[in-house]
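So the sequence lines, in the order shown, correspond to chains R and X. According to this note's numbering, the first sequence is numbered sequentially starting from 1. According to this note's numbering, the second sequence is numbered sequentially starting from 454.
Derived from the structure by calculation, the hints contain no laboratory data. These figures come from a predicted structure and were not determined experimentally. Treat the hints loosely; a few may be bogus.
Pairwise CB distance ranges (calculated) [to be verified]:
hint: 1; chain 1: R; residue 1: Ser212; chain 2: X; residue 2: Trp598; range: 20 to 30 Å
hint: 2; chain 1: R; residue 1: Gly300; chain 2: X; residue 2: Phe473; range: 28 to 38 Å
hint: 3; chain 1: X; residue 1: Leu583; chain 2: R; residue 2: Arg196; range: 27 to 37 Å
hint: 4; chain 1: R; residue 1: Ala120; chain 2: X; residue 2: Val523; range: 56 to 66 Å
hint: 5; chain 1: R; residue 1: Glu301; chain 2: X; residue 2: Cys579; range: 47 to 57 Å
hint: 6; chain 1: X; residue 1: Phe473; chain 2: R; residue 2: Ala74; range: 35 to 45 Å
hint: 7; chain 1: R; residue 1: Glu78; chain 2: X; residue 2: Trp598; range: 52 to 62 Å
hint: 8; chain 1: R; residue 1: Leu281; chain 2: X; residue 2: Cys579; range: 17 to 27 Å
hint: 9; chain 1: X; residue 1: Thr469; chain 2: R; residue 2: Ser212; range: 51 to 61 Å
hint: 10; chain 1: X; residue 1: Cys579; chain 2: R; residue 2: Arg234; range: 27 to 37 Å
Derived coverage of chain X by chain R (criterion: at least 3 residues anywhere in the stretch with Cβ under 8 Å from a Cβ of chain R; other residues may be distant) [what the hints assert, rightly or not]:
hint: 11; stretch: 485 to 498
hint: 12; stretch: 597 to 605
hint: 13; stretch: 676 to 687
hint: 14; stretch: 692 to 698
A virtual CB, placed ideally from N, CA and C, is assigned to each residue, including glycine.
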Amino acid sequence: MKKKLLALTLTGALAMSLLAGCGSSGDTAATDTTAAEDTTTTEDTAADTTSAEGSVYYLNFKPEQDQQWQDLAAVYTEETGVPVTVVTAASGQYETTLMSEMGKSGAPTLFQVNGPVGLANWKDYCYDLSDSDIYGELTSDTYALKDGDKVAGIGYVIESYGLIVNTDLLEQAGYTTDDIQSFEDLKAVAEDITARSDELGFAAFTSAGMDSSSDWRFKTHLANLPIYFEYQDRGITSTDAIEGTYLDNYRAIWDLYINNSTCDPAELSAKTADDATSEFLNGQAVFYQNGSWEYGNVAGEGKFSDDQLAMIPIYFGVGDEANQGLCTGTENYWCVNNQADEADIQATLDFIYWCVTSEEGTTAMATDMGFVIPFKNAQEPTNLFVKEDQEMTAAGKTPISWNFTTMPSEEWKNGVGQALTAYAADQTDANWDGVVSAFVDGWATEYALANGQ
Amino acid sequence: MEKAIKRYSPIFVLPTLLAFTIGFIIPFLEGLYLAFCQFTTVRDAAFIGVGNFKRIFSDTTFLQSFKFTVLFALASIIIINVIAFGLALLLTRNLKGTNIFRTVFFMPNLIGGIVLGYIWQILINCVLSLVGEPLLALNSTAGYWGLIALVSWQQIGYMMIIYIAGLQNVSEDLLEAAQIDGASAWKTLWRVKLPMVMPSITICVFLTLTNSFKLFDQSLALTGGDPNHLTETLALNIYYTFYSRAGAQWKGLGQAKAVLFCVLVIVISLLQLKATRSKEVQQ
Numbered sequence: 001m002k003k004k005l006l007a008l009t010l011t012g013a014l015a016m017s018l019l020a021g022c023g024s025s026g027d028t029a030a031t032d033t034t035a036a037e038d039t040t041t042t043e044d045t046a047a048d049t050t051s052a053e054g055s056v057y058y059l060n061f062k063p064e065q066d067q068q069w070q071d072l073a074a075v076y077t078e079e080t081g082v083p084v085t086v087v088t089a090a091s092g093q094y095e096t097t098l099m100s101e102m103g104k105s106g107a108p109t110l111f112q113v114n115g116p117v118g119l120a121n122w123k124d125y126c127y128d129l130s131d132s133d134i135y136g137e138l139t140s141d142t143y144a145l146k147d148g149d150k151v152a153g154i155g156y157v158i159e160s161y162g163l164i165v166n167t168d169l170l171e172q173a174g175y176t177t178d179d180i181q182s183f184e185d186l187k188a189v190a191e192d193i194t195a196r197s198d199e200l201g202f203a204a205f206t207s208a209g210m211d212s213s214s215d216w217r218f219k220t221h222l223a224n225l226p227i228y229f230e231y232q233d234r235g236i237t238s239t240d241a242i243e244g245t246y247l248d249n250y251r252a253i254w255d256l257y258i259n260n261s262t263c264d265p266a267e268l269s270a271k272t273a274d275d276a277t278s279e280f281l282n283g284q285a286v287f288y289q290n291g292s293w294e295y296g297n298v299a300g301e302g303k304f305s306d307d308q309l310a311m312i313p314i315y316f317g318v319g320d321e322a323n324q325g326l327c328t329g330t331e332n333y334w335c336v337n338n339q340a341d342e343a344d345i346q347a348t349l350d351f352i353y354w355c356v357t358s359e360e361g362t363t364a365m366a367t368d369m370g371f372v373i374p375f376k377n378a379q380e381p382t383n384l385f386v387k388e389d390q391e392m393t394a395a396g397k398t399p400i401s402w403n404f405t406t407m408p409s410e411e412w413k414n415g416v417g418q419a420l421t422a423y424a425a426d427q428t429d430a431n432w433d434g435v436v437s438a439f440v441d442g443w444a445t446e447y448a449l450a451n452g453q
Numbered sequence: 454m455e456k457a458i459k460r461y462s463p464i465f466v467l468p469t470l471l472a473f474t475i476g477f478i479i480p481f482l483e484g485l486y487l488a489f490c491q492f493t494t495v496r497d498a499a500f501i502g503v504g505n506f507k508r509i510f511s512d513t514t515f516l517q518s519f520k521f522t523v524l525f526a527l528a529s530i531i532i533i534n535v536i537a538f539g540l541a542l543l544l545t546r547n548l549k550g551t552n553i554f555r556t557v558f559f560m561p562n563l564i565g566g567i568v569l570g571y572i573w574q575i576l577i578n579c580v581l582s583l584v585g586e587p588l589l590a591l592n593s594t595a596g597y598w599g600l601i602a603l604v605s606w607q608q609i610g611y612m613m614i615i616y617i618a619g620l621q622n623v624s625e626d627l628l629e630a631a632q633i634d635g636a637s638a639w640k641t642l643w644r645v646k647l648p649m650v651m652p653s654i655t656i657c658v659f660l661t662l663t664n665s666f667k668l669f670d671q672s673l674a675l676t677g678g679d680p681n682h683l684t685e686t687l688a689l690n691i692y693y694t695f696y697s698r699a700g701a702q703w704k705g706l707g708q709a710k711a712v713l714f715c716v717l718v719i720v721i722s723l724l725q726l727k728a729t730r731s732k733e734v735q736q
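Construct the complete structure from the given sequences, taking the supplied hints into account.
Here it is as structure tokens:
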């Protein structure tokens, strides 16, 4: 009998511990087990503080700046006592992570969307920031993301992209960046370098890799140019049907990229972002299409110094090329979760306001993260490419705005990317028609799918 | 004693039952409900009826991935089982080094699908570039056969072990009787060994069938569905619908696909079990 009692008690204890372990994740049972574990931890932090003055949970989009955000959050917590949790989603996994995090209790109080298309997915969760202090700090209203009259997102970083140039190599080839003022110049220089590549020992362009780690440089960023010029012509800022007026220019520059590069165009489908970066760092190519966020990867100790680098506009053979600037804009908008507790919302608003106004916050964003932030208290950035963008704008050049945020869906980008890869492997008119079709027809189809229901 | 066990059985069942309910039954039912909803996060879902299921059939990528999965399943089931059975026959012959070979063939099974996918991607791309063919991202035929080669390499060893166990259980008496009756080796295989290992065949075909239909990580890592969704398996299609699409209308659709997929796999495997079971003989 005694034995039985013991067994019974033990079983009971086992069952109880099981119950206790699972109790807190009951309402997130639909997510997987690891996610359920995460919930428990975030719930713990939330529970500790809601009684005090709220807490902040920031789901960060930029893996490059993860450590800097963690540090900044620690400084803020030390100063104010408000706990700030920063979680960074893995590269390319932001939407996925956000979706599962938002479904939990203890959801992110601060998250980000990438522009109008991203906002469509999350607008019901965005707190109206029109009365917030941070909105008043913006240097221009164009950096606010609006949903009707509601201010749904605040752009917090301005970035630029163009052609990063290894000026040493360019000089070895007998040119300077001043020689390149138009698409024709760029083409002449690139083709000259290719013709003499054996003698020079380097190529004009780094590999235009179409692996998913790198293809966004072309299916999204390069594709911004034909869209931008078409929008300019038509005087619009978004459309349900793109006409593809400038796709011939798109083809010309794509041809230039893939035929004057470090590798055979047929191999591009497997080339990654790391391949392109290392080719550039190893001095195998002069030009590298990428953005100001890449600065930390190409400049610094053991890499290039600032006077060996420059960023020039992606000349496209359209419009007033002499006055064309870099492609400058933002796809990083902060949104505050309106489903969070009042106290948490307030804590979040205080936190982002502090980030963009305080000495520590602005220094961290400018120096550690290398951001140019569109706020009144912004500090001088140390990022060379960002400085070049400011100089060009000051010299009267017109920056090209970021219109890829109006691309109808990821699926559209993938379709264009796929077609570009197929064309690169076999450069026929028929394959280019595939790109045109993915670009123009794909836009209409995807726009209807995304906005139809 | 037996009575006591019976009396306390609910207590013994309870922990597992609770875990099963929390970890499987509740999410499963919630998932079923979500298939009839439109939602962004699972906490605020709006019921919309069977609309999601209607949309599945107008989604060409789903039909394409269904076709691909069926073709893939057919080829991989046949290839895996034939080779695994052949290896099992060879390795039950008391040859020298049998144990080493068994271990070697089994080993690929211990590597995770994602890792295998990337290894084979590099391997196949290298071969394709040497022979001047388009690489995997542009080559759906290579993607199809590459995926088959990958899962064959991974699963043959596992199925082989099951077949070896089955073959070792064929009674010596039967084989001796066949020999005395003058049956050739070929006839012994067809008339004696094969009927006797039918239970192993049932299990192996069941495993390869469900594995092929549920295939996800290998195909994600090897081709990711490229080019243009042509090598997308059903599971991958569901994942892409749910996660790569922005907008509330896609989540419910992905969920509905998952429910349909689940029903499909259950029905197909039940039919297969029934078909192969009927061929099993009593010893």
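Could you tell me whether the CB distance from X:Leu583 to R:Arg196 stays inside 27 to 37 Å? 29 Å, holds
With a cut-off of 8 Å between beta carbons, are at least three residues of the stretch 485 to 498 of chain X near chain R? Result for this restraint: holds, n = 5.
Is the hinted range of 27 to 37 Å satisfied by the C-beta distance from X:Cys579 to R:Arg234? Violated, since X:Cys579 and R:Arg234 (Cβ atoms, about 47 Å apart) do not stay within the stated range.
Are X:Phe473 and R:Ala74 spaced within 35 to 45 Å by their CB atoms? 42 Å, holds
If you check the beta carbons of R:Gly300 and X:Phe473, does the distance land in 28 to 38 Å? About 54 Å separates the Cβ atoms of R:Gly300 and X:Phe473, which means 28 to 38 Å is violated.
8 Å C-beta test of the stretch 597 to 605 of chain X against chain R, three or more residues: violated (count 0)
Distance restraint hint 51 to 61 Å, applied to the beta-carbon atoms of X:Thr469 and R:Ser212: 41 Å, violated
How does the stretch 692 to 698 of chain X fare against chain R when you require at least three residues with a CB closer than 8 Å, holds or violated? holds (count 3)
Does the Cβ-Cβ separation between R:Glu301 and X:Cys579 fall within 47 to 57 Å? Given range 47 to 57 Å: violated, Cβ gap about 35 Å.
Is 17 to 27 Å a correct range for the gap between the Cβ atoms of R:Leu281 and X:Cys579? 24 Å, holds
Verdict on chain R covering the stretch 676 to 687 of chain X, where coverage means 3 or more residues with a C-beta closer than 8 Å: With 4 residues closer than 8 Å to chain R, the stretch 676 to 687 of chain X meets the three-residue bar; holds.
Pairwise beta carbon distance, R:Ala120 to X:Val523, judged against the given window 56 to 66 Å: Distance hint for R:Ala120, X:Val523 is violated at roughly 35 Å.
Violated hints, in rising order: 2, 4, 5, 9, 10, 12; the structure is consistent with all others.
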